[in-house]
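Since the structure of chain A is already known, use the hints to place chain B on it.
As given, the protein sequences belong to chains A and B, one line each in that order.
To convert, note that position 70 of the first sequence is 69 in numbering that gives the first Met the number 0; the numbers rise steadily by one, no gaps.
To convert, note that position 45 of the second sequence is 44 in numbering that gives the first Met the number 0; the numbers rise steadily by one, no gaps.
These are computed hints drawn from the structure, not numbers from a lab.
Built from N, CA and C at the ideal position, the CB exists for glycine as well.
Heads up, a few of these hints could be off.
A few chain A positions that, by computed beta-carbon distances, are all more than 12 Å from chain B [what the hints assert, rightly or not]:
id	residue
1	17
2	53
3	56
4	59
5	77
6	101
When the alpha-carbon atoms are kept at most 27 Å apart in a straight line, the in silico BS3-like pairs for lysine-lysine are as follows [unchecked claim]:
id	chain 1	residue 1	chain 2	residue 2
7	B	86	B	41
8	B	77	B	14
9	A	78	B	79
10	B	37	B	20
11	B	2	A	6
12	A	78	B	86
13	B	26	A	6
14	B	2	A	78
15	B	45	B	61
16	B	14	B	86
17	B	60	B	45
18	A	48	B	77
19	B	33	A	84
20	B	61	A	6
21	B	20	B	79
22	B	37	B	79
23	B	2	A	91
24	A	48	A	84
25	A	6	B	79
26	B	60	A	91
27	B	45	A	6
28	B	26	B	77
29	B	65	B	2
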Amino acid sequence: MKKNEQKGMFCQIYGDSLRNRFLECLLQLGNLDFAVGDIAREINISRPKAYQIMAIFEKQEIIIKSRIVSGTQLYVLNKGSVHVKVLRQSFKECLRLVVEENNSQKKSFEQIKERKEIEG
Amino acid sequence: MEKPTESILLFLLNKHYIGGKHFPEHKLLVSRTKWLGKEERKVFEKEYRSMIDQNYFVRLKKRTGKSAEWHISINPEKLKDIFEMIKDEKE
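For reference, chain A alone in the conformation it holds in the complex:
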């Protein structure tokens, strides 16, 4: 991972392995279909490695083939899979944590402001 790349909440909680980064990317895409090369570029891994991981996920029925556009096979998250439902729920909880963190930061800034005003 490059220095400038931001770690997502999903990887912060579940660990920064290749598999988790791949899953995080899939969950971020939601219901959009995607190509293997796009994922490889986004998470900064080689295409052969991305194809390897894709094959594993296809076997586990986490992703399925959706359509072919100009010779490129596109895939999509398998909504019917129990694994994907669980992953989506946990991803939703990760996003809830992000919102709560942001709210708590806001409150602490406001408290600091109030104290400064009181102190004059």
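Quick look at chain B alone, frame taken from chain A:
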């Protein structure tokens, strides 16, 4: 909500691109609209522009190298609304 819009919101929220932390807009839009047809793209662009007008996103022009690019992040005041929208979509 359109699929690319949902995907953009999920990405920005997950990676903490809120308020001052921002991401290049063009890079994000291209990655999410790459495989869309003409009509789908038009519908998405309309929705995206309406979200910008409603201040769901913060758009800034940032110096990058020799030129400047538009960068985007989530408006912290609209964070709860965005989360509710995403939650409803997923369910």
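* To do: Quick one: work out the minimum CB distance from residue 59(A) to chain B and report holds if it exceeds 12 Å, violated otherwise.
  => Fine: 21 Å to the nearest Cβ keeps residue 59(A) off the interface.
* Given the hint that residue 45(B) pairs with residue 61(B), does the C-alpha gap stay at or below 27 Å? -> This hinted pair holds, its Cα atoms lying about 24 Å apart.
* Beyond 12 Å from each Cβ of chain B, as asserted for residue 77(A) -> Given that every Cβ of chain B is farther than 12 Å from that of residue 77(A), nearest at about 15 Å, it holds.
* **12 Å Cβ clearance of residue 56(A) from chain B** => Holds, because the least Cβ-Cβ distance between residue 56(A) and chain B comes to about 18 Å, which exceeds 12 Å.
* **Hinted pair residue 86(B) and residue 41(B), Cα distance within 27 Å** => Measuring from Cα to Cα gives roughly 25 Å; hence the hint holds.
* Asked: Has the given pair, residue 33(B) with residue 84(A), been kept, meaning a C-alpha gap of at most 27 Å?
  -> At roughly 26 Å apart (the allowed maximum being 27 Å), residue 84(A) and residue 33(B) satisfy the hint.
* To do: Verify that the Cβ of residue 101(A) lies farther than 12 Å from every Cβ atom of chain B, and report whether the claim holds or is violated.
  => violated, 6 Å
* Asked: Quick one, are residue 61(B) and residue 6(A) close enough, alpha carbons at most 27 Å?
  -> holds, 22 Å
* Are residue 37(B) and residue 79(B) close enough, with their CA atoms no more than 27 Å apart? -> With a Cα-Cα distance of about 32 Å, the restraint between residue 37(B) and residue 79(B) is violated, given a limit of 27 Å.
* **Holds or violated: residue 2(B) to residue 91(A), with C-alpha atoms at most 27 Å apart** => holds, 16 Å
* Within a Cα-Cα threshold of 27 Å, do residue 48(A) and residue 84(A) meet the stated pairing? -> Holds, at roughly 25 Å.
* To do: Compare the distance between the alpha carbons of residue 45(B) and residue 6(A) with 27 Å, and conclude whether the hinted pair is satisfied.
  => The hint is violated at about 30 Å.
Checked against the numbered hints given earlier, the structure breaks hints 6, 10, 18, 22, 26, 27, 29 and satisfies all the rest.
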